Amino acid sequence: MNVVIPVAGEGTRLRPHTHSVPKSLLYVAGKPILGHILDSLEGLNIDNFAIVLGARGEAIVDFCNTFPYDFKYVLQEKRLGLGHAVLVGAQALEGPTLVLLGDTIIDVDYKKFCAGKANMLAVKEVDDPQRFGVVEVRDDSVISVVEKPKHPTSNLAIVGLYYFHDISKVRGAVEYIMEKDIKTKNEYQLTDALKYLLDSGEKFKIQRIENWYDCGTVDALIETNRYLLKKTQYYKKRGDNIILPPVFVADSAKISQAIIGPYVSIGDNVTVRNSIVRDSILNRSATVENALLTESIIGENAVVKGGYKRLNVSESSLVEIP
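With this note's numbering, letter number 291 in the sequence shown gets 291, and the count goes up by one each step, no holes.
Watch out, some of these pointers could steer you wrong.
[Stated by the list, open to error] DEER-style ranges, computed between Cβ atoms:
id, residue 1, residue 2, range
1, N65, K230, 27 to 37 Å
2, T66, G43, 13 to 23 Å
3, Q91, A59, 20 to 30 Å
4, E42, L244, 46 to 56 Å
[To be verified] Mimicking DSS-like on lysine-lysine, the simulated pairs with C-alpha atoms at most 27 Å apart in a straight line are:
id, residue 1, residue 2
5, K305, K31
6, K203, K230
7, K78, K148
8, K31, K236
9, K205, K169
10, K237, K31
11, K230, K111
12, K111, K185
13, K230, K205
14, K111, K31
15, K180, K203
16, K124, K231
17, K124, K111
18, K185, K231
19, K112, K183
20, K150, K117
21, K180, K111
22, K236, K124
23, K169, K180
24, K230, K254
25, K183, K150
26, K305, K111
27, K72, K231
28, K150, K111
29, K72, K112
30, K169, K117
31, K31, K231
32, K117, K31
33, K31, K254
34, K205, K185
35, K203, K237
36, K124, K180
37, K169, K185
38, K117, K205
39, K203, K231
40, K237, K254
Keep in mind the hints are simulated off the structure, nothing from the lab.
This structure is a prediction, so every number in the text was calculated from the model and none was measured.
Glycine is no exception: its CB is placed at the ideal position from the N, C-alpha and C atoms.
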């Protein structure tokens, strides 16, 4: 089987964190997003593994090379859409292929997802289907698919996980929509290529997904951190600090006179002093001193320093401190 993972997205909704770090390498629950994805593929019999790179691809190459796969790295020089990214990544591939996005964490049994001979699309019911590729189904068979519909007739969104029995047919479909200049939101979308295949008689089935985390915004990253920490928490007791699990605290982190948790991820060489931190992600080598943090993401090597206030408050007063 082949695997293709596009990681060329710029992560504009996660700026300023993605100004210097590729979106797929942002930390969540103790490791980069891409690390969680690659770990979840353990046990699959993968013959060819393509990573589609964009800006700052060198950092992704360095990270991927710590995993025991024979990666092939392909550069998407222009961001022309997911369909184009899959075309670039699958140029020399044939046969069964798993395609999954490098910034999306999905709790699924990949062996079962790829076990059949049918083309499979992972889907989930959403409240805002206008933002996604949407499918209509009959008895788990896809009867129509449309990208970002203005007036959706279904709330089943494609969540960025695909299994194709013959990737060459997908390549041909993407080449067709590019030749005809069929775009949605000014990009060559994979969903539009799938629509062409469906209209041409190709069959697709769906698998409904319960736990899907699109790590495209700060709020989504925090939510993903909460979910994963329930499954992957790790910490060692240290000094007189108070740890409220679930948390992930790297062994190299320096914590003193602090309350950590719940739902906190602390990376390597982070320093936390005289602070309370909950529901937050502190990336490698960050420093937090005399601070109260919640629902926060602190970037690599960033420094956050707070201070103490002196108050003299009379009866029936209201004081709000930002």
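Hints versus structure:
Our hint of 27 to 37 Å for N65 and K230 holds, since their Cβ atoms are close to 30 Å apart. Our hint of 13 to 23 Å for T66 and G43 holds, since their Cβ atoms are close to 18 Å apart. At about 23 Å, the CB distance of Q91 to A59 agrees with the hint of 20 to 30 Å. Between E42 and L244 the CB atoms are about 31 Å apart, so this pair departs from the stated range of 46 to 56 Å.
Straight-line distance between C-alpha atoms of K305 and K31 comes to about 25 Å, which keeps the hinted pair within the 27 Å bound. Only pairs whose Cα atoms come within 27 Å are accepted, and K203 paired with K230 is rejected, the gap being roughly 37 Å. With a CA separation close to 22 Å, the supplied pair K78 and K148 stays within the 27 Å bound. Using a Cα cut-off of 27 Å, the hinted pair K31 and K236 holds, with the two alpha carbons roughly 17 Å apart.
In summary, the hint linking K205 to K169 is supported, as the alpha carbons are separated by about 16 Å, within the 27 Å threshold. Among the hinted pairs, K237 with K31 is consistent with the structure: their alpha-carbon atoms are about 20 Å apart, no more than 27 Å. Restraint check for K230 and K111: satisfied, since their Cα atoms lie roughly 23 Å apart, inside the 27 Å limit. Only pairs whose Cα atoms come within 27 Å are accepted, and K111 paired with K185 is rejected, the gap being roughly 34 Å.
This hinted pair does not check out: K230 and K205 have alpha carbons roughly 31 Å apart, beyond 27 Å. Between K111 and K31 the alpha-carbon distance is near 23 Å, which keeps this suggested pair within the 27 Å criterion. Taking the CA atoms of K180 and K203, the gap is near 23 Å; set against the 27 Å cutoff, the hint holds. Among the hinted pairs, K124 with K231 is consistent with the structure: their alpha-carbon atoms are about 21 Å apart, no more than 27 Å.
Using a Cα cut-off of 27 Å, the hinted pair K124 and K111 holds, with the two alpha carbons roughly 19 Å apart. Annotation: proposed proximity of K185 to K231 is violated, straight-line Cα distance about 37 Å (limit 27 Å). A distance of roughly 33 Å separates the Cα atoms of K112 and K183; the hinted pair therefore is violated under the 27 Å criterion. The straight-line distance between the Cα atoms of K150 and K117 is roughly 33 Å, outside the 27 Å bound, and the hint therefore fails.
Simply put, K180 and K111 have alpha-carbon atoms about 36 Å apart, too far for the 27 Å limit, and the pair is violated. A C-alpha spacing of about 37 Å is found between K236 and K124, which places the hinted pair above 27 Å, so the restraint is violated. For the given pair, K169 sits about 17 Å from K180 by alpha-carbon distance, which is consistent with the 27 Å threshold. A C-alpha spacing of about 23 Å is found between K230 and K254, which places the hinted pair at or below 27 Å, so the restraint holds.
Under the criterion of a C-alpha separation no larger than 27 Å, the hint pairing K183 with K150 is consistent with the structure, at around 15 Å. In summary, the hint linking K305 to K111 is not supported, as the alpha carbons are separated by about 47 Å, beyond the 27 Å threshold. In summary, the hint linking K72 to K231 is not supported, as the alpha carbons are separated by about 31 Å, beyond the 27 Å threshold. Between K150 and K111, the direct Cα distance comes to roughly 35 Å. Violation of the 27 Å bound is thereby established for this hinted pair.
Straight-line distance between C-alpha atoms of K72 and K112 comes to about 25 Å, which keeps the hinted pair within the 27 Å bound. In summary, the hint linking K169 to K117 is supported, as the alpha carbons are separated by about 14 Å, within the 27 Å threshold. As the CA atoms of K31 and K231 are separated by approximately 13 Å, the hinted pair is consistent with the 27 Å bound. Note on K117 and K31: the hinted pairing is violated, with a Cα-Cα distance of about 33 Å set against a maximum of 27 Å.
A C-alpha spacing of about 18 Å is found between K31 and K254, which places the hinted pair at or below 27 Å, so the restraint holds. Proximity of K205 to K185 is assessed by CA-CA distance (about 26 Å); at most 27 Å being required, the pair is judged to hold. Among the hinted pairs, K203 with K237 is inconsistent with the structure: their alpha-carbon atoms are about 54 Å apart, more than 27 Å. Proposed proximity of K124 and K180 is contradicted: the alpha carbons are some 30 Å apart, above 27 Å.
At most 27 Å may separate the alpha-carbon atoms for a hinted pair to count; K169 and K185 meet this at roughly 24 Å. For the suggested pair K117 and K205, the alpha carbons sit about 10 Å apart, so the restraint of at most 27 Å is met. Under the criterion of a C-alpha separation no larger than 27 Å, the hint pairing K203 with K231 is inconsistent with the structure, at around 36 Å. A distance of roughly 12 Å separates the Cα atoms of K237 and K254; the hinted pair therefore holds under the 27 Å criterion.
Of the hints listed earlier, those the structure fails to meet are numbers 4, 6, 12, 13, 18, 19, 20, 21, 22, 26, 27, 28, 32, 35, 36 and 39, in rising order.
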